[in-house]
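Asker: With the hints as constraints, model all of the structure from the sequences given.
The primary structure of each chain is shown beneath.
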Amino acid sequence: MEGESVPLMPYEEYQSNKVHIGTQTKSQDMQQFIHEVAADGTGLHLIDIEQTDERLQLAANFLGMYEARDILVVSARQYGQRPARLFAQAVGARHIVGRFIPGTLTNPLLRTYIEPQIIFVTDPQADNQALSEAIGSKMPVIGICDTNNNLRNVDLCIPANNKGRRSLALIYWLLAREVLKARGFMDDETWQHTQNIEDWESSF
Amino acid sequence: MSKKAEVCTASGLPLTERMSTAFPCPSCGEGIGRSARCRNQGVPYICPGCGFKGP
Ligand SMILES: [Zn+2]
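Top to bottom, those sequences are chains G and R. Here the working numbering is used: the first residue of the first sequence is 1, the next is one more, and so on. Here the working numbering is used: the first residue of the second sequence is 1001, the next is one more, and so on.
Treat each hint with caution, since some may be false.
Claimed, not checked - So the derived list for chain G, only partly shown, Cβ under 8 angstroms to chain R, looks like this:
#1 Asp29
#2 Leu58
#3 Ala59
#4 Asn61
#5 Tyr113
#6 Leu151
#7 Arg152
#8 Val154
#9 Leu156
#10 Gly184
#11 Phe185
#12 Met186
No lab work stands behind these hints: they were computed from the structure. Note that the structure is predicted; figures quoted are calculated from it, not measured. Virtual Cβ for every residue (Gly too), placed ideally from N, Cα, C.
Answerer: Listed below in structure tokens is the structure:
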């Protein structure tokens, strides 16, 4: 994956959607993905967008190794709920947004019990219930990790702003496109014309 | 895709614990294993197939 690969989207586009804007807190684990501190005095840490792009490509590749129905996408965060749901619907994955009912991945007696093979979390911290159940069920975890997150119990990190409305819309929109492209069902032009990124933004 | 890892790629521990995992390398598909401890502490792994460094 290193080197000359073409970005999924121009870096300016990522930046205008604030995908690279982190938080004022920087974890040791995320240091490797952080580019610098914003020069505007806000103290926000900025994520290296090239690594974000590379990791999004890897995540799409990784998800493509699983049956769509075996993928579970979760978002407790409000701004992630609409894009996570649209992503799941586009690729045929399952989604749980909002409250995650304890036991969903661990208690076969529950009506809501499911057995996915891989989980994608919007924020390892906010989605900690889903994360800990996934870990106990031995399934690999992909997480969107902001500068304040750590990499505990994450098997593949996508370094990015996991709090912004536009950032999350862009990430899920791109991922859906890439997963469908890898299956041979989509091309950039068609996706661009049929899926307006703004429609992927949470509205509240 | 290569066959599933049976030991942790970073520590060499067998993947028998409840919170361990095995998955194909996100980049090349080679089997990667992670022990419960390595996952819990975010210990990096390096893919033996392509050199990808995760998580
Ligand atoms: Zn590899």
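Asker: For each hint, tell me whether it holds in the structure or not.
Answerer: Quick rundown of the hints versus the structure:
Hint status for G:Asp29 relative to chain R: holds, with the closest Cβ pair at about 5 angstroms, below 8 angstroms. Below 8 angstroms, beta-carbon pairs count as interface contacts, and G:Leu58 has one with chain R at about 4 angstroms; its hint therefore holds. With a cut of 8 angstroms, the hint placing G:Ala59 at the interface with chain R holds, because the nearest CB-to-CB distance is about 7 angstroms. Interface hint at G:Asn61: satisfied, since its Cβ lies 6 angstroms from the closest Cβ of chain R, which is below the 8 angstroms cut-off.
For G:Tyr113, the suggested interface contact is broken, since its CB lies about 17 angstroms from the closest CB of chain R, more than 8 angstroms. A cut of 8 angstroms between beta carbons decides the hint on G:Leu151: the least distance to chain R is about 4 angstroms, and the hint holds. Annotation: interface hint on G:Arg152 holds; nearest CB of chain R at approximately 5 angstroms, less than 8 angstroms. Against a cut-off of 8 angstroms between C-beta atoms, the interface hint on G:Val154 holds, since the closest Cβ of chain R lies about 5 angstroms away.
Checking G:Leu156 against chain R: minimum C-beta separation of about 5 angstroms stays under 8 angstroms; hint holds. At a threshold of 8 angstroms, the smallest CB-CB gap from G:Gly184 to chain R is about 18 angstroms, leaving the interface hint violated. The closest approach between the C-beta of G:Phe185 and any C-beta of chain R is roughly 21 angstroms, which is over the 8 angstroms cut-off, so the hint fails. Annotation: G:Met186 was flagged as interfacial toward chain R, and the flag is violated, the nearest CB pair being 20 angstroms apart, outside 8 angstroms.
Checked against the numbered hints listed earlier, the structure breaks hints 5, 10, 11 and 12; every other hint is satisfied.
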